[in-house]
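Enquirer: Residue-level listing of the chains:
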Amino acid sequence: MKIKKALVIMLAFVTVMSFTACGGGSSDTEDAGELNIYMWSEYMSEDFVDKFEEETGITVNFSYMNSSEEAVAKITAGGGDEYDLVMPCDADMTSLIEGGYLEEIDTSSMENFQYLDDAYKGRSFDPDTKYAIPYFMNYIYVVYNPETCPKEITSYNDLLDPAFEGQITSVDGIRNLFPMALEALGYDPNSTNDAEIEEAYGWLQKYMKNVKYLNSDDAEKELVSGGCSVGFVFDGMFGRALEDNPDLEVANLTDAVQLGVDEFVIPKGAKNKANAEAFLNFMLDPENMAANIMDGHAYTCPNSAAVELCDDSYKLAKNIDIPKEIKENYFLQLDVGDAMKTYDKFYTRLKSEE
Amino acid sequence: MEDTIKTKRMSWGRRNAPAIATAGPVSFWMIVFVLLPMIYVVVISFMSRNVYGGIDFTFTLANYKEMMEPLYLKVIWKSFKLAVLTTVICLLLGYPLAYYIAGKPSATAAKLIMLVMIPYWTNSLVRLYSYNLLGATNGPINNFLLKIGAIEAPLDLLYSDGIVIVGLLTAMLPFSVLPLYTSIEKLDKSLLEASKDLGANAFTTFRKVTIPLTMPGIVGCILLVFIPSLGMYYVPEALGGGKVMLIGSLIRNQFLVTKNWPFGASLAILMILMTLIMMWIYTRVASLDDLEEVF
Numbered sequence: 053m054k055i056k057k058a059l060v061i062m063l064a065f066v067t068v069m070s071f072t073a074c075g076g077g078s079s080d081t082e083d084a085g086e087l088n089i090y091m092w093s094e095y096m097s098e099d100f101v102d103k104f105e106e107e108t109g110i111t112v113n114f115s116y117m118n119s120s121e122e123a124v125a126k127i128t129a130g131g132g133d134e135y136d137l138v139m140p141c142d143a144d145m146t147s148l149i150e151g152g153y154l155e156e157i158d159t160s161s162m163e164n165f166q167y168l169d170d171a172y173k174g175r176s177f178d179p180d181t182k183y184a185i186p187y188f189m190n191y192i193y194v195v196y197n198p199e200t201c202p203k204e205i206t207s208y209n210d211l212l213d214p215a216f217e218g219q220i221t222s223v224d225g226i227r228n229l230f231p232m233a234l235e236a237l238g239y240d241p242n243s244t245n246d247a248e249i250e251e252a253y254g255w256l257q258k259y260m261k262n263v264k265y266l267n268s269d270d271a272e273k274e275l276v277s278g279g280c281s282v283g284f285v286f287d288g289m290f291g292r293a294l295e296d297n298p299d300l301e302v303a304n305l306t307d308a309v310q311l312g313v314d315e316f317v318i319p320k321g322a323k324n325k326a327n328a329e330a331f332l333n334f335m336l337d338p339e340n341m342a343a344n345i346m347d348g349h350a351y352t353c354p355n356s357a358a359v360e361l362c363d364d365s366y367k368l369a370k371n372i373d374i375p376k377e378i379k380e381n382y383f384l385q386l387d388v389g390d391a392m393k394t395y396d397k398f399y400t401r402l403k404s405e406e
Numbered sequence: 002m003e004d005t006i007k008t009k010r011m012s013w014g015r016r017n018a019p020a021i022a023t024a025g026p027v028s029f030w031m032i033v034f035v036l037l038p039m040i041y042v043v044v045i046s047f048m049s050r051n052v053y054g055g056i057d058f059t060f061t062l063a064n065y066k067e068m069m070e071p072l073y074l075k076v077i078w079k080s081f082k083l084a085v086l087t088t089v090i091c092l093l094l095g096y097p098l099a100y101y102i103a104g105k106p107s108a109t110a111a112k113l114i115m116l117v118m119i120p121y122w123t124n125s126l127v128r129l130y131s132y133n134l135l136g137a138t139n140g141p142i143n144n145f146l147l148k149i150g151a152i153e154a155p156l157d158l159l160y161s162d163g164i165v166i167v168g169l170l171t172a173m174l175p176f177s178v179l180p181l182y183t184s185i186e187k188l189d190k191s192l193l194e195a196s197k198d199l200g201a202n203a204f205t206t207f208r209k210v211t212i213p214l215t216m217p218g219i220v221g222c223i224l225l226v227f228i229p230s231l232g233m234y235y236v237p238e239a240l241g242g243g244k245v246m247l248i249g250s251l252i253r254n255q256f257l258v259t260k261n262w263p264f265g266a267s268l269a270i271l272m273i274l275m276t277l278i279m280m281w282i283y284t285r286v287a288s289l290d291d292l293e294e295v296f
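Line order of the protein sequences matches chains A and B.
Letter by letter, the first sequence follows residues 53 to 406 in our numbering.
Letter by letter, the second sequence follows residues 2 to 296 in our numbering.
Hints were generated in silico from the structure; no laboratory data involved.
Take the hints with a grain of salt, since some may be wrong.
[As the list claims (entries may be wrong)] Here are the computed lysine-lysine pairs in the DSSO-like style, where the Cα-Cα straight-line distance is at most 27 Å:
1. B/K244 with A/K261
2. B/K244 with B/K75
3. B/K244 with A/K397
4. A/K397 with B/K209
5. A/K393 with A/K258
6. B/K112 with B/K209
7. B/K209 with B/K187
8. B/K112 with A/K393
[Claimed, not checked] Okay, the calculated beta carbon distance ranges per label pair:
9. A/R292 with B/M216: 51 to 57 Å
10. A/N304 with B/M115: 58 to 64 Å
11. B/P213 with A/D390: 26 to 32 Å
[Claimed, not checked] Now the stretches of chain B that chain A is said to cover, found in silico as 3 or more residues with beta-carbon under 8 Å:
12. 67-76
13. 128-140
14. 259-271
A quick note: this is a predicted structure, and the numbers were derived from the prediction, not measured.
Glycine included, every Cβ here is placed at the ideal spot set by N, Cα and C.
Whenever a hint applies, use it, and build me the whole structure from the sequences.
Expert: As structure tokens, this is what we get:
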């Protein structure tokens, strides 16, 4: 009997524990000034957050994600219960908006909304800028080592030249490779047309012959080690490679460059929507954003007024100070819906060839 | 009436209390964290992807049909070949070593087994990345060879099927030596003498006595090496230069990139089936009791 009692108590204890573990955290203080943010780690200055807390009295709680997919999963699984701001990337925006997973952002009450560059207002997936406010951006540039690069590069098609065999280090991923191929072929980089995707696959087959290393985390290492003379890499990777090899240059292409944007969105049913808007307004303030950038977050920023206020060490950094004609000729990765299955099939085929 | 029910209940509790207390916690854990997720995987493998990358809960066999497309069979076949090759090499390298260790006095054998285990204490990812550093174009190996004049241009040491197999072998060798050692160590040496006395030469003795008697160890080695190498995707990704797709990466992509969970789940089920078939073959060759001895 005693054992049974002990067991019942234990079981009850375990059950209670598991409930608190699931639902814990924000439930007890939801009325007070609180803001729960889900984003990439080490992507925002602590001083920046402290200043916001001081000015507004709102307590900010952070949780960190490991991939954009996690952000999408959080939002679609009723993210508003836990978070007030989440950071997916632009390629997932259409699904999130059309799926009705997001709250509308009231930009009219945000006095600093004017500082967001016009290029990032009214984008195709969000024509009224109601759902997403961009934070930082990642370009994918073609960079080269002027000393060892065998040929001048002026377009993506140049990368198919046999002279580049084993010379290219590249980011990986369906939605990084196929848009480049589609752009090179003159199609919509976010095509959902099966025939065009197949043609892009043919293009990539030739590209892969020249690629030595394919990795979305550390493709720059082959530029640093001298293993490759050309890289198709994120601007952040380019920045890291420059630390070891300051001679690297960005190729000036006639094609458009790829741009990925990390967006802030408010998930449906967020409990502290007003606080989230206050935070976005604070973030868009040029001075605040400039301080954030200068505190070790040297990414491309969609807020020119903030960039103006930054030091030259950022403004003139080789991976940031890119000629306007390159930077402004960009395309976005958009949601391709069900065509993703076709992309995946060709991507798998691309990688299963000997 | 009430009394009888009460006694009955109490006696059930009494009878089962020890079992609940001992096996209960782990069983609870396994049900919640293994069985339920498995059931979920089986269920969604019969569903389909909706436009937004979610799961559409209508029954379909399409995922299993899709798996049979030449494209995916090729990926599965390539993974299978690589895993078989790794297993065979592990067996060929591991068996003689295990035999050698088993022939040593037990104190020495324990030390040697320890040496086999030591590489295991470092994280395998760290080891893989160290290969990357060592083999880089401007890495120590190339620099050394260039300096002594053995080569004129840096060698491409990384990103090939060969280096992927080296990586898999390093990760798997301890798995092969341990079961083989346990099984060879138990081999009754008097049987070998008897075989010799009856006129068999060393090769015949090995083939007709040693191998059959150490079969549980051999099959244990095959199971322990083959199954993990089939699903291991970080080794090919870290060393293969990202240009080769194996079934592990394919499944990961279905979940994380394409967001086609149902198809990913059906591929996972296929892998589980392959594992079960291996286990079934094991039970044909050795009884499950032997498995206990090996592990």
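Enquirer: Each hint: holds or not?
Expert: So, going through the hints one by one against the coordinates:
1. With a CA separation close to 10 Å, the supplied pair B/K244 and A/K261 stays within the 27 Å bound.
2. Pair hint B/K244 plus B/K75 holds up; C-alpha atoms about 15 Å apart against a cutoff of 27 Å.
3. Distance check on the hinted pair: B/K244 and A/K397 sit about 15 Å apart at the alpha-carbon level, within 27 Å; holds.
4. Taking the CA atoms of A/K397 and B/K209, the gap is about 49 Å. The hint is violated against a cut of 27 Å.
5. A distance of roughly 22 Å separates the Cα atoms of A/K393 and A/K258; the hinted pair therefore holds under the 27 Å criterion.
6. Pair hint B/K112 plus B/K209 does not hold up; C-alpha atoms about 30 Å apart against a cutoff of 27 Å.
7. Straight-line distance between C-alpha atoms of B/K209 and B/K187 comes to about 17 Å, which keeps the hinted pair within the 27 Å bound.
8. Our distance criterion of 27 Å between C-alpha atoms is broken by B/K112 and A/K393, whose separation comes to about 53 Å.
9. A hinted range of 51 to 57 Å holds for the C-beta pair A/R292 and B/M216, which are about 53 Å apart.
10. The beta-carbon spacing between A/N304 and B/M115, approximately 59 Å, falls within the hinted interval of 58 to 64 Å.
11. Between B/P213 and A/D390 the Cβ separation comes to about 56 Å, which falls outside the hinted range of 26 to 32 Å.
12. With 4 residues having a Cβ less than 8 Å from any Cβ of chain A, the region 67-76 of chain B passes the three-residue criterion, so the hint holds.
13. Under the rule that three or more residues need a Cβ within less than 8 Å of chain A, the assignment of the region 128-140 of chain B holds, with 5 such residues.
14. Using a Cβ-Cβ cut-off of 8 Å, 3 residues of the region 259-271 of chain B lie near chain A, which meets the minimum of three, so the contact claim holds.
Of the numbered hints stated above, those contradicted by the structure are hints 4, 6, 8 and 11, listed in ascending order.
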